[in-house]
Structures are given as C-alpha cells and as structure tokens.
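One line per chain: the protein sequences are A, B and C, in this order.
Residue numbering for the first sequence follows my numbering, beginning at 1 and increasing consecutively.
Residue numbering for the second sequence follows my numbering, beginning at 1001 and increasing consecutively.
Residue numbering for the third sequence follows my numbering, beginning at 2001 and increasing consecutively.
It is worth saying that the hints were derived from the structure and are not from the lab.
Where hints are given, some of them may not hold.
[What the hints assert, rightly or not] One-sided and incomplete, this derived list gives chain B residues near chain A with beta-carbon spacing under 8 angstroms:
#, residue
1, Leu1030
2, Ala1033
3, Ser1034
[As the list claims (entries may be wrong)] Quick list of in silico lysine to any residue cross-link-like pairs, SDA-like style, CA-CA up to 20 angstroms:
#, chain 1, residue 1, chain 2, residue 2
4, C, Lys2036, A, Arg120
5, C, Lys2036, A, Arg36
6, C, Lys2036, B, Gln1291
7, C, Lys2036, A, Glu118
8, C, Lys2036, A, Arg44
9, C, Lys2036, B, Asp1255
10, C, Lys2036, C, Val2015
11, C, Lys2036, A, Ala39
12, C, Lys2036, C, Ser2046
13, C, Lys2004, C, Ala2028
14, C, Lys2036, B, Lys1056
15, C, Lys2036, A, Gly27
16, B, Lys1056, B, Arg1187
17, C, Lys2004, B, Glu1257
18, C, Lys2004, C, Ser2046
19, C, Lys2036, A, Gly40
20, C, Lys2036, A, Asp167
21, C, Lys2036, B, Arg1187
22, C, Lys2036, A, Arg42
Note that beta-carbon positions come from the ideal geometry of N, C-alpha and C, so glycine has one too.
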Amino acid sequence: MRGPSIRALGLLTPPAPDAAEAGSGPGVRVRGLGPRQRAGDRYRRARREGLLAIEAVEGALAEAGLPRDGLAGPATGLVYVTAGAYAASNVAFLRGAGGGIHFPYTAPAAVPAEVAIEFRLAGPYGIMIGGPPAALEGIHQAAAWLEEGAADRVLVLGVEVFEECVDLLGRSRRLVGPALVETAACLVLEPGRGRLTLEWPASPPPRHAPRHWACEPLVALAGLRAGPGTDVVLHGAWRGRHARLVWTGALGRPEANRTSGAIA
Amino acid sequence: MAGPERIVVARAGVVTPVGQDLDAFWSALLTGASGISTIERFFVGDLRVGRGGEIKKLARVRDWTGVPECRATRLLVAAAEDLGGRRELGAVGVDPARLGVVVGTALGGVEEGERALAGDGRRRRLRDALYDGPGENLARWLGARGPVLTVSTACASGATALALGADLLRQGRADAVVAGGYDPLCRFVMRGFDALRALTRDEVRPFDRRRAGLLLGEGAALVLLLRARDAGPRRLGVLLGYGSASEAHHVSAPDPEGRGLARAIRAALRQAGVAADEVDLVSAHGTGTPQNDPAETRALRHALGPRAGRVPVNAIKSGLGHTMGAAATFEAIMCLLAARHGVIPPTRGLEEPDPACDLDLVYGAPRTGRPRVCLSTSLGFGGASAALVLGEAG
Amino acid sequence: MTQKEILDELKTMLVERLRFDPRRAADATPETTLPKGVEGSLGLDSLDFIELSVATEERFGIVIDDTQDLGAAFHSLDSLSRFVLGKLGAA
C-alpha cells in the first residue's frame, strides 16, 4: 500500500499530571478536557464529543494553513475512530437527561456528522470502533482511499471522552487500566511516496493499558513528528489483540513536523 | 475493494424476527410474513408505540456455555451457527490467524450498558457494553485470531462491514472473513425513536402514500467472504463494489435531494465496473418514514438516470422491522437469494404507491426475474450513505 | 392559563428542551419567529420541531395531530401560544 504523507495533525490533550496525581487507588483517574464553550445557536445541541471533534479539525486546519472551507467537497474523506466517545451521550440519555433531540447524538455517527456538516465534507466515509488498532485501521483505510483515487485528502479523526462515565469505567480496571486521558485528534493525510503495511500478529500483545484509547497511535504520532527520522512504526493493543503499522516516509518533511497541539 | 480480485460470498447465516435460518428467512420474504409484535422482553407501556420485530426465543443454539449473556452476542452466535459455525470454518481449512471478523452495529453493547446502569455491576458488563464488545465475543467464539473490527456507520453499518471484510481479503490481510451486522431491540433505542416520533402506529409501508414511519427490529446476519480463487463451487454470489459518502446535511434528517446517497451509489457502480443500465434490482433502504422514501427516490434518479424508473425496486424492512446494524447485510443476502432463486420478494405493506416515489416498485406478490446485478442502498443518522453492488454466483 | 403564561412556559422549553442559552430565550418576544430560513428567527429545524411538539403536548396535556399542516401554528412564539390556548380552551 502506498504510504500517505501527513499534511497536519491537530491534537487536544489535557496538561501532563503532576507527581501527586500518579496514584493507584480504586476506580480510574480521568484527566479531562473539560467543558467546551462555543458561541452560536449552531452548536446548541452539539455534545462535548462533537465540539471536541470540531476543535481538533480546526487545529489541523491551522497547521495546514487552510481556510475554514479548505476541506469542503466530495474529494475529502473522513474516518472516525473511537472506543468510547459515544458512551458519554449514551449514558446521559440512559439516565433520562435528554429527549428526542438528544437521541440522534447517541450514535457514534453523530460525531463525524458534526464535522462533516461544519466543514462540508462530502467524500468517502467510515467509522471504526475499538481501541488503538481502530486508529491504525483508520490510517490504513485512508491510505487505501488515497491510493485508489477515491479522495484527494482524508481526515482520520479520533475523540475519546471519559468524564461522564467515570463511575462505570471504574468498575472494570482490567479493561480500562488505572488512568484515562481525554483526547481529540485530527490527522490530515494526502498522497505520499512511502509504503504502509498493517498486520495483526498472532503473538500475544505487549502488556499495556492505552490511556488515550483509540487516540493512542495519534498521540504517539504527534510525539514522533517532533523527533528526527522519516519512518514510523505504530502499535495498538486492545482486548488481547494487537496491530502493527509500519509506515515509511510518514514524516517526509523534517523541518515541518510540528503538530498543532492545544493544551486545553 | 480496489484491484482485480473477486470476492465471493460463500455462505450466509441469519437470525431474524421471521425465521432463524436462511430458508425460513427467504420463505418469509416471499410470503410477506410479518415478524412484528408487541414487545415483551422489556417495558414499553409508557411509549406511544410498543411494537417491533422481536425475536421471541433464540431457538437454534441449545448450549450457551461459554457465551456471555449479552443479547447482542447471542444474536451474533445464533447467526454464526446458521452460517455453519466453527465446523464450517474448519471444513474451509482456514488458519485461525488468517480468519478475520468485521461486524457492523448501530447500538453496539448498549443493551448491556442499560443493565450496568440499572445496577448490575458485574465487570463483564462493561467489557460487553462497549461498542466492540459483541464483535469481540463473536471472534472469540469463532476462534478467530486475525483482524477483528467493529464499524458503526449507523444504519449503513451492515454494508460497511461487508466492504471492509472484502478489503481485508484483497489486501491479503486475511484468507477468510466472517462479516455482517447485528443489533438487539432494547429500551434505549425504542425510547429514542419513540421520542423522535419516528415509529408508526400502523404497518410499515415503504413508498406508500399512507406511510407514517418505521418500526424497529432485531437480528444478526453474517456472511463468509473468500477470495474467488479460494472459494469452492458452493457460492451464494459475488461482492462487486461498495461506495460511501457523507451527506453533510443534518444529524438525523436525510437530505431531501439524496445527493450523498447518489454519490455513494455512483462510487459503488464505478468500483464494480457496472453501468446503471446493468442493475437488475435495487434493494432500497425503504424505512417507510415520510422523509426517507422520496429522498431515496431522488437519489436513485440522480445516480441511475433513466434506468431508475425501469429497474425493479423492493424494500424488506416492513416484515422484519428496521434491524439497524443488521439491515444492510440482510438486504445484501436477500439480493443474492433473489438471483439464485430467480424471484424478487415483494415490499410488504406497500399497496398504494406514492406518486412522488415513481419507481418500478415490487409489491403485492413476488416477481419472477433473475437479477444478475443488484444494488443495495442504506442511509443512517448523520448522513452516513452507503451502497453495495452484488452479483449472482455465475 | 393566559397567553402570557403559555408564552413563558414555551420560553422555558426553549432552554430546557431545545438547549437555547437562557439569555437568548429571555430576549425572545411573541413576534420572534421559529423556523430556520426566516430572517432573525430562532432557527429551529425538523429535529427541534419534533422535540418542541412533544414538549408542548407533555407540558400542556394536549394532543397535537401531526398529520395536519402545523406550519402556521409553529411559525412564531405568538402563533404557537395562541395555538396552545385554543387547544386548552377546547379541552
């Protein structure tokens, strides 16, 4: 598979914890991105997941130097990846907080819809649910669309929020790990010249609890962009399986490997 | 699905409100049987509409040992049993490390989430309550050690899953893929659609001028996908193409012009290398809501041109209910069965076609004809549009 | 109930059910139009109207026949409060 090039990566994560926060008590610690404010009736119904998605795209637009309508049209594809971002809205609905206008927002599809409507993205479209391997599959899907000419540019969008479900999540430390970090990320990919290979080795995965869930590989990618080198290897482990993405020429422009990151 | 490799649908397995195996499902489609009843498994007394396609008893699997209680998982396992289960996969001779699983769902494990919130604090519940829980459980039951994916493009999920499964095979990342969709009925989704006033108190009547909304259903549908060179003589049909697009219109209402779906259809035909004139059957999304059916008609006209008025069109959500994540897979299977048997099932509930839906609708009785190339269309919340092109086994 | 009281209830619904900012709702007048596409309106779309219709039925204990053309009734806060008043009077 032809490896795409990275046009931009918008990333929102909370600031790093201080030493006092690193504990191992019961339940799970969530580092949150907090409420999102956005003026205008247009966003009146939007949920936190959707607002974070929009912010991540804005970060990517800023890095890419594109205007707000610079992604519009049927030549821009969109893959949304998440393991839990719909859960916040689902739980709120289950707890009786919302009526009919809330319900459509409980679908995972509502988050990329917010972005598609806001930025008028009309191209190929996919949603992968799962932990880090879902993001690797999302990058692979993007590469496939670019290679077959189904899109000129593809967004791989990840959002994970946990604050609203922290009590539920805390019941399953084996799945969840001791700490979770809310994240929103938007990777903008364009045709490149490298190679991309994705495999799911049958060997047992490394023991690791991904704090950013599906956004883990995107956070790792942001870190790699800040360093030297042009090739990346990204791992994703989830539920006893793992995937490995080998991507040569991912970081093709060493002088421009800056991620637009917002410490919220 | 780029590339010359043909992807074969070797087998299918289903569990539905109108039958718990493929033969029963097909018979029910031909006779126009209804699987709609008053829901009994959970409380619906406070809702305007308490009817849906409920599977009263999962009859096929006798021994649930080792299978989580999660209803979504059990629907998948029941469909996998009809598919032939582990025995069939063993017969195909697939190395577990090369067996992939791709499932589509609108609700994921939400039914388990309901129980967790209701106070059932067993740890298992959270693992199964996440969207990819049931899919993972199916993979474990099948002994699959290859890629395991869950997709959730709302009501188009059952089509997206098949396309992604085909991609895994073409890319050489698996040698066999079990792909399809599922969703259970639960209070969460009934309450939601009831609050949207989307459910009808009448029958579901796709494309009928009296249509008044949809009803929900539950079920699971799975297919075994193989590369043509690996598939034996036993084949249901071929997956020729897939297309997807965002409508970029509204979080829940369809674009009245159907432009996103039209784009998805054109992309699917292009990938399949098929012209509009070659389409012999359209399996419509056909939910029977006031908005969907005319929007879908417009999409077909935009994408198929003059052919749109001449190709037979049916919709099968009326007897099953709208099975959400499973729907597009059920519809794909129906297309291949129509090609095999040379007969197109009628659209149950359609009696007085809406003049605005000026298509060659199949209703009243099954129609004889062998559709060699079929187009199946789906539209979901958030404007997730998808189209599949399927071909006869040939 | 007076029309003014109904109007105030509708404004509460705008905040509690349709998630409008409280100041926006407080600033609305009887003449404020509701549907999207009308200059200066609150910009309600189909999803909002379903919710508003359900909320109105629940709050006032009336039944709204959604097979009828409700465009005129739901045009502005004034028309909607008159519509509700009429239903209550008929009850």
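Each hint, compared with the structure:
1. Leu1030: 33 angstroms, violated
2. Ala1033: With a minimum Cβ separation of about 30 angstroms from chain A (threshold 8 angstroms), the hint on B:Ala1033 is violated.
3. Ser1034: 26 angstroms, violated
4. C:Lys2036 <-> A:Arg120: OK: C:Lys2036 and A:Arg120 at ~19 angstroms, within 20 angstroms.
5. C:Lys2036 <-> A:Arg36: Given that 20 angstroms is the threshold and the Cα spacing comes to 25 angstroms, the pair is violated.
6. C:Lys2036 <-> B:Gln1291: Within the cut-off at roughly 18 angstroms; holds.
7. C:Lys2036 <-> A:Glu118: 17 angstroms, holds
8. C:Lys2036 <-> A:Arg44: At roughly 14 angstroms apart (the allowed maximum being 20 angstroms), A:Arg44 and C:Lys2036 satisfy the hint.
9. C:Lys2036 <-> B:Asp1255: 15 angstroms, holds
10. C:Lys2036 <-> C:Val2015: 17 angstroms, holds
11. C:Lys2036 <-> A:Ala39: Judged against 20 angstroms, a Cα distance of about 18 angstroms means the pair holds.
12. C:Lys2036 <-> C:Ser2046: Holds, because 9 angstroms separates the two Cα atoms, which is no more than 20 angstroms.
13. C:Lys2004 <-> C:Ala2028: 13 angstroms, holds
14. C:Lys2036 <-> B:Lys1056: Distance ~44 angstroms between C:Lys2036 and B:Lys1056 Cα, so the pair is violated.
15. C:Lys2036 <-> A:Gly27: Violated: C:Lys2036 and A:Gly27 sit about 45 angstroms apart, past 20 angstroms.
16. B:Lys1056 <-> B:Arg1187: Roughly 16 angstroms separates the two Cα atoms, so the pair holds.
17. C:Lys2004 <-> B:Glu1257: Given that 20 angstroms is the threshold and the Cα spacing comes to 40 angstroms, the pair is violated.
18. C:Lys2004 <-> C:Ser2046: 26 angstroms, violated
19. C:Lys2036 <-> A:Gly40: Since the Cα atoms of C:Lys2036 and A:Gly40 sit roughly 14 angstroms apart, the hinted pair holds (cutoff 20 angstroms).
20. C:Lys2036 <-> A:Asp167: 39 angstroms, violated
21. C:Lys2036 <-> B:Arg1187: Violated, because 32 angstroms separates the two Cα atoms, which is more than 20 angstroms.
22. C:Lys2036 <-> A:Arg42: 11 angstroms, holds
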